[in-house]
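Visitor: Make a model of the complete structure from these sequences and hints.
As you go down the protein sequences, you meet chains Y and F in turn. Under UniProt numbering, think of the first position of the first sequence as 1, with each following residue one higher. Under UniProt numbering, think of the first position of the second sequence as 1, with each following residue one higher.
Hints in this document: simulated from the structure, not taken from any laboratory. Hints are supplied without guarantee of correctness; some may be wrong.
Since the list gives no way to pick out one identical chain from another, each pair is judged satisfied if it fits inside one copy or across any two copies.
Stated by the list, open to error - Using 30 angstroms as the maximum straight-line C-alpha spacing, the simulated BS3-like pairs for lysine-lysine come out as follows:
1) K68 - K183
2) K173 - K153
3) K31 - K153
4) K97 - K86
5) K24 - K186
6) K97 - K175
7) K175 - K192
8) K97 - K49
9) K68 - K97
10) K65 - K175
11) K65 - K97
12) K122 - K97
13) K45 - K122
14) K122 - K44
15) K177 - K189
16) K165 - K183
17) K186 - K86
18) K30 - K56
19) K122 - K86
2 protein chains.
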Amino acid sequence: MSIAIENFVKAIYNNNSHDARDTKPGNIAKKLGISSAAATDMAKKLATKDLLHYEKYQELQLTDKGRKMAINIVRKHRLWEAFLFKMFDMSLHDIHKEAELLEHQTSDLLAEKISEYLGHPKFDPHGDPIPNANGEITTTDTSIPLSNAEENKTYIISRLTSDDKEFFEFCAKQKLKYGHEIKVSKQFKNNKMTELSVENNTILLNEDFTTLIYVNEIN
Amino acid sequence: MSIAIENFVKAIYNNNSHDARDTKPGNIAKKLGISSAAATDMAKKLATKDLLHYEKYQELQLTDKGRKMAINIVRKHRLWEAFLFKMFDMSLHDIHKEAELLEHQTSDLLAEKISEYLGHPKFDPHGDPIPNANGEITTTDTSIPLSNAEENKTYIISRLTSDDKEFFEFCAKQKLKYGHEIKVSKQFKNNKMTELSVENNTILLNEDFTTLIYVNEIN
DNA sequence: ATTAATTTTTAAGTTAACTTAAAAAGTTTT
DNA sequence: AAAACTTTTTAAGTTAACTTAAAAATTAAT
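Guide: Given below as structure tokens:
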């Protein structure tokens, strides 16, 4: 399967999981940076390959085969992220970019070797779950977006769900990293701002950040 | 640059260095598994990009720009080989196959990180030299093919210049590995066979092997 | 419930990287 | 130095993955 096909299937899969629910060609096209005409064409083609269900003007839905394929790519992506993160001193954004390329050129064998080396990790450095070789995902994920966190409670950062460079630069600078502890001091509901403290620094985040950062409460 | 272009340039470069000298489209086409018509087309295209000199019916010659590009890819290939060899228990052939894919999706940044991690190695697990980030290759290579080795002398294996699976399987089984010591006991010139001993085993190799295995004399 | 706005699809066209088959040029043999 | 053979090139055509622009359908607004 070509890189174009792999990216298309992956885009639908990712869209279905965390983002909104709109998996029509236009929206997928936007994520991939192609025209929606191209996305419609591709959708039709992938339907003949039994990777997705296509009906005019309807949402695209992956078949079991398509989902399996997407999960396999996501697995490789997240394994590369975890591996590069462990081995090299690189920014999360750079790691993401490299993984985005490497994921398409990685045999199942190599993926398994990487997983083994890392001790079959369940999460990548963004906190996203790593599917196992059978495509099973173990996420008893109870995390909530920071925007829904409660005042005066303490949390651990469990996921950073972005691929924007500035986002990661900001997070890195403010020590907003996977596994780090934070305390929410105030929720400004009207302004959709959240005040919190990280390592004795108090910062104020707006909705653009608090919906992308997921946390788990500490008891 | 596309993967097709990178592989084309690399094929010319590799052909020029160790193999024969025939860098006409037909020969390059054979190595890449494409038709010679396709190779001619590609050659013309790359000439307009100033990657090589093309003249009808003549040998293809890389320009400085083309050579630089080829060396950059070769560098990434060999770094991946060295890295995968160090990290994972995989056959040399599998490692080669993975590197063949990964080389095209590796940023200069990542290549440098890998090189750094390995302590800027000068040779890969086949004994092929790894160009540095500036494209410089330090090979004071005095090695000779096993076919030219002298009787009753002891050598160290310095290069295994193949990409054939069976070749590597055979070499692995016979302990013919980079850095290993061997003693040539007899050269059967007429039959182009070489008798040698490795770790107390005596084996007889024909020309298909002895021209691909390079060695350095021990004094 | 029409009209207006948006989105999806269709249609036609482009580019890269191939293919096969025939023509042209080069190489080898006698 | 022809004739025979081989290789390269040209020509025409294919496929995947796009594009733009217009037509068709859906969705939103008054």
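Visitor: If any of the earlier hints don't hold here, list their numbers in rising order.
Guide: 1, 3, 5, 10, 13, 14, 17
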